[in-house]
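Colleague: Chains as they are written, first to last, in our numbering: chain H, 1 to 238; chain X, 1 to 226.
There may be inaccurate statements among the hints.
[As the list claims (entries may be wrong)] Here are a few chain H residues that sit away from chain X, every Cβ distance over 10 Å (derived from the structure):
#1 Glu75
#2 Val80
#3 Gly123
#4 Arg147
#5 Gly175
[Unchecked claim] Using 20 Å as the maximum straight-line C-alpha spacing, the simulated DMTMM-like pairs for lysine to aspartate or glutamate come out as follows:
#6 Lys195/H / Glu227/H
#7 Lys94/X / Glu215/H
#8 Lys94/X / Glu75/H
#9 Lys195/H / Glu215/H
#10 Lys9/H / Asp73/H
#11 Lys94/X / Glu199/X
Derived from the structure by calculation, the hints contain no laboratory data.
Bear in mind the structure is a predicted one, so any value in this text is a computation, not a measurement.
Even for Gly, the Cβ is constructed at its ideal location relative to N, Cα and C.
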Amino acid sequence: MTRLVLEAKGLAREYGPVVAVDDVNLSLGEGEFLTVFGPNGAGKSSLLGMLGGAMRPTRGHVLIRGQRLAYSDVEWRHQVGILSHRGFLYGQLTVEENLRFYGRLFGLTDLDQRIPERLERVGLADRIRFQVRQLSHGMRQRLSLARALLHDPDVILLDEPYTGLDPSAAGVLRGVLAGLRDGRRTVVMVTHNLKEGLELATRVAIQVSGRFAWEGTQADVGGEAFERHYHRVVEGRS
Amino acid sequence: MRTYIDQIRAIIWKDLVLELRTRERIAAMGAFAVLAAILFNFSIDTTSTRPEDVAAGLIWMTLVFGGLLGVGRTFYLESQDNALLGLLTSPVPKDAIYLAKTLANFALLFIVSVLVLGVFALFFGLDLGANVGGIILVLGLGSLGFVALGTLFAAISTGTTMGETLLPILVFPLLVPMVIYGVTSTGRLIAGRPFDEVEGNVRMLGAFAVAALAAGAMLFRYVVED
């Protein structure tokens with residue numbers, strides 16, 4: 001068993017009478033890549049929001065490397081990188097200026113080395129002086145990933161990263177995301193895209209009506225059988 | 001502490017660079033100020049009213065209404081690509097975000113307030129004389145108090161369906177003390193009275209700005225936290 005990095009214990013989130021996430025427990029070690037599937041409204045993004053410290057749980061808590069985190073804990077932010085289908089980027093700033101801005105927020109001092117290195121990794125080194133609004137959606141997603149990786153976090157959270165990408169751009173992003181499986185980082189991705197989600201996952205969960213209705217590995221229900229299994233689980237629980 | 005200050009500087013730098021490139025807020029505030037001054041100039045019968053008697057009130061009203069145009073859009077650029085979430089999930093204390101956004105707004109509104117003073121002096125034929133520094137100080141303190149409240153309430157109104165419409169309803173009642181002290185001080189200084197005579201009012205303006213900043217820094221996290 002690898003060292004535990006990310007844990008959630010009894011995590012729940014309610015919006016008034018609506019229960020978005022209901023008693024989710026998970027334990028992920030170094031190098032593990034969990035993909036959480038689920039239909040729209042299953043509570044996937046709320047789960048990710050709580051894991052990333054962007055959303056206060058109604059009940060339960062999150063631990064990183066055994067340390068229970070308070071919602072307002074800024075140390076939490078140093079250990080987590082978030083990539084959403086919204087990039088958190090400023091269109092009128094250049095690629096470099098966006099990364100330099102976030103680097104300063106994280107208190108990084110070696111940005112002259114980090115920025116070119118991260119841009120090289122996501123294949124945007126030649127766009128460093130471009131304003132973000134001049135980039136395609138696919139390039140912006142890769143830049144967002146560079147932003148999420150800038151402070152070298154242990155935990156990467158991916159919220160529907162392929163949304164709005166054409167097959168070519170999705171393929172490029174998939175290649176970059178595959179690089180995250182370096183045995184050191186722990187990744188959680190939420191998506192309703194079965195094909196994209198399965199490719200990189202070492203563990204899989206299906207979330208329905210806020211709860212994990214099924215958890216396992218690809219080996220448990222491999223390949224095309226997973227799609228039938230997914231629909232059976234979703235229809236059985238919703 | 002050094003990181004805290006650098007985080008504030010980073011957000012101010014980002015806001016000012018974005019404003020420099022888009023010129024959205026400064027152009028709206030500046031254009032409003034000039035047009036308001038022109039309209040006020042034609043709305044006063046100078047045969048029965050001396051311009052210097054009413055100029056202070058009109059300057060402050062122009063500043064408040066013009067300022068709302070800019071401050072109301074404080075979080076607009078953040079909302080375009082959900083960048084506010086990027087800020088909130090970075091290790092920046094919420095009060096640092098508030099202080100940085102407020103100081104960036106202050107820089108813009110202070111420029112506009114000097115512009116407003118210049119335009120009114122021109123159209124109303126005001127002789128500011130030796131008191132010009134004092135008037136700028138009064139307008140500067142007023143601008144700081146205004147943006148301290150405006151930035152906090154802009155964050156509240158951004159998250160509502162009423163958006164910018166809600167902002168004046170929330171902010172105006174709280175601005176009453178600031179407007180009273182500001183208009184009184186500005187009016188006396190325009191009339192050529194010595195600064196000593198308005199010193200108490202200027203102190204009150206300063207106290208209002210400090211109290212608004214402190215309240216904003218404490219309350220901002222409750223506005224933006226989920």
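Colleague: Can you give the numbers of the hints that this structure goes against, from lowest to highest?
Modeller: 1, 2, 4, 7, 11
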